[in-house]
Structure formats: C-alpha cells, structure tokens
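Start from chain A and add chain B according to the hints.
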Amino acid sequence: MLCCLISKTGGEVKIGGYDVGNDGDSLKIRKMIGLVPDNVGLYDELSAYENLDFYGRLYECAQPQRQENIERFLRMMGLWDEKDQPVAEFSKGMKQKIALARALAHNPDLLFFDEPTANLDPESAKAVRDLIVELKQQGKTIFLNTHNLDEAQRICDRVGIINTRLLAVNTPAQLKNSVWGSRTVIQLEQVNDRILAAIRNLQPKSLAAEGNTVFVDVADPLKENPEVVRAIVSAGGGVQFITERSPDLEETYLRIVRGTK
Amino acid sequence: MRLSKAWIVAAKDFRIFMQKKSIIYSIAGFELFISIGLPLIIKYANTRKNGFPVSVLPGLINSFSFWFVIGAAMLPMSMASYSLIGEKIQKSLEPLLASPITDDEILAGKAFSAFIPAIATNFIGALIFMLLVDKITYNKLTYLYFPNWNIAVTLLLLAPLVSVLSIGVNVLISSRFNDIRATQQMGALILLPLGGIYVLSEMRVISLSVSNLLIMAAVLTVVDIAVFSLVKTTFQREEILTRWK
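Sequence lines, in order, name chains A and B.
Residue numbers are given in numbering that gives the first Met the number 0: position 209 of the first sequence equals residue 208, and the series is strictly consecutive.
Residue numbers are given in numbering that gives the first Met the number 0: position 122 of the second sequence equals residue 121, and the series is strictly consecutive.
Excised from the complex, chain A in its bound form (with noise of 0.2 angstroms):
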C-alpha cells in the first residue's frame, strides 16, 4: 500500500509530501522508495549488473551515476567479480544482495525491507545489518518487515507488532516496558514468609517468588527498589544479587499478540 501497489483502504498517508492513493502522486512516490520484496524477483537469464542496469533505467538513474551506485553497491556486496554472470547460478544469498543492491541503486530516501535477512548465512545476515544501520544513520527511513524479532530490537527504532492490524508500537524498551513493567528480580540465602510481608508491606505493583528468588514490579524502580532491599535486610534477609529483568522482544511480542486473542 505505502509503495502505491495496491489502492489504500482508509486513512491519510504522505510520503515526501506526495499523498498515497492519488494516482497523479504515485509514479513519484514510487521514485522515492526502493524495495526488497519477500522474494527477490530478479531476472535469473540476466546477469547480476544487467538486472541492476535494468532498473536503474527505470528509476531515470542518468548513466554516469548509474554505473557508479552499480558499482558501489556489488562492490559492498561482494559480488563485483561475478557481475557478469547470470543471476541464475547466483546462490540464495548472493540473489537477496542483489535484491538489496537493486532497491538501493537510485539512492531513495525510503526503503521497505520484506525480510532481508531471511535465507542468509550467519555473516551475510550481519552484513545486511550492518549496511541496514549503516542506511539509517544516513538518515534513510526504513521499514524493516522481520519475523528475527531479535534483528528488530538490535536495528529498529521503533516497532510495530502487527497481527492482522497493528497492536502496538513503540521504540523496543519502552514497548518492553509497557508489557513487563520494570520488574526487579532478588536473588536471596532463603525466602520466608517474614521477608515476602516486609516487601508486601511496601505495596509493590506484583510479587511472586521461585525457589529463592524474589520478583517485584515496582512503578518506580530507582526510588523504590533501594527500599526493598532495606525491607529485605530488615527482615532478617540476605541479597546474594539483585537485577533488573529484561524481557526480550519475542516474549513481549507473545504477551501482546496472545492477550489481544
């Protein structure tokens, strides 16, 4: 819909002051983006530089700078040496570089990444990372669409957890933050009820605890935890550790998607 393939279905959308959905606007927008589809859809009888030429041509790349952002990009790559060969003998890897390489040759301020990362071996996959935050610390807007929750909370900004329509979003802390709660986790000699109505009388937002440790949801945990602690001692009790939990992003994107169900 935000690269003006298919009508919007509601809603005001405005993409470098060019408004989504008016036909006359479209042919500009799409001018500004660059994508990497799910699957890479390139032109397996042609080689790697000819595709890139291709749609160079399209996006009106004029020549001298077209050969060199061609250049530049398979060069990033890693692919200049094969850039005459046919895509077709390209592995998996090789063709999403190109796939990237093809969406970033015109240079466009905006770019949807649909799963980039996805059939990569481990090194590849960093290295389209770190291209990614490479491209955002140029200052290009991107939409990461990733199922590597993990990729998302190490690259994105900010998230959006869609299932079906968009539950909610946010930057990862605070996404992480207002599903968890910021949650002190008490590592203790011994657990008795004596310690767990100390912390009970400070009114904590929950309270549980397993084996020996102690979990405490606090609202404020800067001011609030240094007086569990004293609770704790108080009451006869003795810190081994003390540290904040810190859920990850798939566990978050579970309690979300599961509690809207």
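Be aware that a few hints might be false.
[To be verified] In silico EDC-like links for lysine to aspartate or glutamate, alpha-carbon gap of 16 angstroms or less: (1) B:87 to A:43; (2) B:231 to B:103; (3) B:90 to A:122; (4) B:87 to A:67; (5) A:27 to B:238; (6) A:7 to B:238; (7) A:30 to B:93; (8) B:90 to A:43; (9) B:19 to A:44; (10) B:19 to A:43; (11) B:90 to A:37; (12) A:94 to A:114; (13) B:20 to A:44; (14) A:7 to B:237; (15) A:91 to A:67; (16) A:82 to A:67; (17) B:20 to A:43; (18) B:87 to A:44; (19) B:90 to A:113; (20) A:94 to A:122; (21) A:94 to A:37.
Quick caveat, the hints were computed from the structure, so don't treat them as lab data.
Bear in mind that the values here come from a model prediction, so they are computed numbers and not experimental data.
What follows is chain B alone, placed relative to chain A:
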C-alpha cells in the same frame, strides 16, 4: 505514456529471449519452413509431369502467403507467454510494479518485445519467400508474381493485426495460468480460425483476394480493439498483484 520506459522493458525482454534457445530455434524453424519450404513445394510440384496448371498457381501462392498471417499469430505467442509467465514464475512482477513505470508502459513494453521480433522475422521470411517464388514461377507465369497488393495487405495489414490479437489473447491467458506450455496451448486456439481460412482457400471454397483480405483486416481491427480494452482492464497493477494466479 513514455515510450522510453516501454523500450526499457522491451529491450530487457528481448535480451532474455535471445538466451532462450528453444524460442529462437522454433522461430527460425517456422520461418525456414514458410520462406524456403513452401517455394520448394511449388518447385517440386512443377518438376513433376505436367506440374501445376498456370491458372492454379496464383491461388496456391496466395494460400501459401497466408502462412505469414499464421506466423504472425504464432511467433509472438511464445514470446508474449514467456515474457509474462516468466515474470510470474520468477516473481519479478512485484519489484517491476513498484518501480516508477505505469501499467500502460509495462504493457506496451511487453507488446513491443513480442511484436517487433515477430514482425521483423516475418518480413525477412516473406522477402525470401517472394524472391524464391518469383524465381521458381517466372518461367511458367512469364511475369514476376511478387510484389503485389495481395502480399502487401497480408504483410502490412493482416499480419500486424493478427500479431496484436495474439499478444492480447496471450496477456489475457497469462493472467490465469502459471505454466508457459498451458498458456501457449490456450493461445493456440486463435490459430484455429486462421488454419480454417487457409484450408478453405486451398480447397478453393474462399479466395484470398485483396478485397477478402481487407474484409478480414476490418474484422480483426474490431476484434483487436475489443481484446485490448479487455487487456487494459486485466493489466492493472492491483489486479496483477491481488488477482492474477
């Protein structure tokens, strides 16, 4: 519509065709058959006892000339189906449609890439055919049979109109199939009426005179307009992405 964009698509498709040996061999084989094979049949028949009566010869040559109309339907068929089904199989339509090119420009590019090589090879084949037929029949007819209005209408009017129809029909079929062979088999249905006309002309039931060829061209023009208005509604970005199989 920017023709430059359509040319970019057509040039890309043409580059791909050049690597499909099966397409090149089938086109070359067909053209060799009609441009050299058919005159050789006339030559062979003439060398036999009595040969063809002079009165039969023009009708036979006109019927043979109609093969260039059949060729104009057959040749773009394989190209058009490879061009669209190939894009579907390789899933390359999505990035193509996401680029700054209109649906009409893509469609025109696809049409050019099928139409131009087909018509060009047809013309070359027809030139060879005419030269050979003139050489073979000159002694018997005592005049050069080609060029004449009949072949002019066949090559310049009827063949292009049939090519356009073949491309349009193939685009429509390609929207419903994912298999090149199935598309070509379905597309081959348009050869049936053309084959029928050829057979009827050989049987002397109809004459492929200039006036009859012009009537066929008029009918084809109407059919082409109808088919292409259907193609335009089928070849819509959203339709391709959401409804094409």
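Hint by hint, here is what the structure shows:
Of the supplied pair hints, the one linking residue 87 (chain B) and residue 43 (chain A) holds, its CA atoms being roughly 12 angstroms apart against a limit of 16 angstroms. Under the criterion of a C-alpha separation no larger than 16 angstroms, the hint pairing residue 231 (chain B) with residue 103 (chain B) is consistent with the structure, at around 8 angstroms. Between residue 90 (chain B) and residue 122 (chain A), the direct Cα distance comes to roughly 26 angstroms. Violation of the 16 angstroms bound is thereby established for this hinted pair. Between residue 87 (chain B) and residue 67 (chain A) the alpha-carbon distance is near 30 angstroms, which puts this suggested pair outside the 16 angstroms criterion.
Simply put, residue 27 (chain A) and residue 238 (chain B) have alpha-carbon atoms about 21 angstroms apart, too far for the 16 angstroms limit, and the pair is violated. Taking the CA atoms of residue 7 (chain A) and residue 238 (chain B), the gap is near 14 angstroms; set against the 16 angstroms cutoff, the hint holds. The straight-line distance between the Cα atoms of residue 30 (chain A) and residue 93 (chain B) is roughly 15 angstroms, inside the 16 angstroms bound, and the hint therefore holds. With a C-alpha separation of about 11 angstroms, the suggested pair residue 90 (chain B) and residue 43 (chain A) falls inside the 16 angstroms cut-off, and the hint holds.
Restraint check for residue 19 (chain B) and residue 44 (chain A): satisfied, since their Cα atoms lie roughly 9 angstroms apart, inside the 16 angstroms limit. With a CA separation close to 12 angstroms, the supplied pair residue 19 (chain B) and residue 43 (chain A) stays within the 16 angstroms bound. Restraint check for residue 90 (chain B) and residue 37 (chain A): satisfied, since their Cα atoms lie roughly 9 angstroms apart, inside the 16 angstroms limit. Straight-line distance between C-alpha atoms of residue 94 (chain A) and residue 114 (chain A) comes to about 13 angstroms, which keeps the hinted pair within the 16 angstroms bound.
The suggested pairing of residue 20 (chain B) with residue 44 (chain A) holds, with an alpha-carbon distance near 12 angstroms, which does not exceed 16 angstroms. Proposed proximity of residue 7 (chain A) and residue 237 (chain B) is supported: the alpha carbons are some 11 angstroms apart, at most 16 angstroms. Using a Cα cut-off of 16 angstroms, the hinted pair residue 91 (chain A) and residue 67 (chain A) is violated, with the two alpha carbons roughly 25 angstroms apart. With a C-alpha separation of about 13 angstroms, the suggested pairing of residue 82 (chain A) with residue 67 (chain A) holds against the 16 angstroms cut-off.
Taking the CA atoms of residue 20 (chain B) and residue 43 (chain A), the gap is about 15 angstroms. The hint holds against a cut of 16 angstroms. Distance restraint check for residue 87 (chain B) and residue 44 (chain A): the Cα-Cα separation of roughly 14 angstroms lies within the 16 angstroms cut-off, and the hinted pair is therefore satisfied. About 14 angstroms separates the Cα atoms of residue 90 (chain B) and residue 113 (chain A), which keeps this hinted pair within 16 angstroms; it holds. In summary, the hint linking residue 94 (chain A) to residue 122 (chain A) is supported, as the alpha carbons are separated by about 15 angstroms, within the 16 angstroms threshold.
Note on residue 94 (chain A) and residue 37 (chain A): the hinted pairing holds, with a Cα-Cα distance of about 12 angstroms set against a maximum of 16 angstroms.
Consistency note: the structure conflicts with the earlier hints numbered 3, 4, 5, 15.
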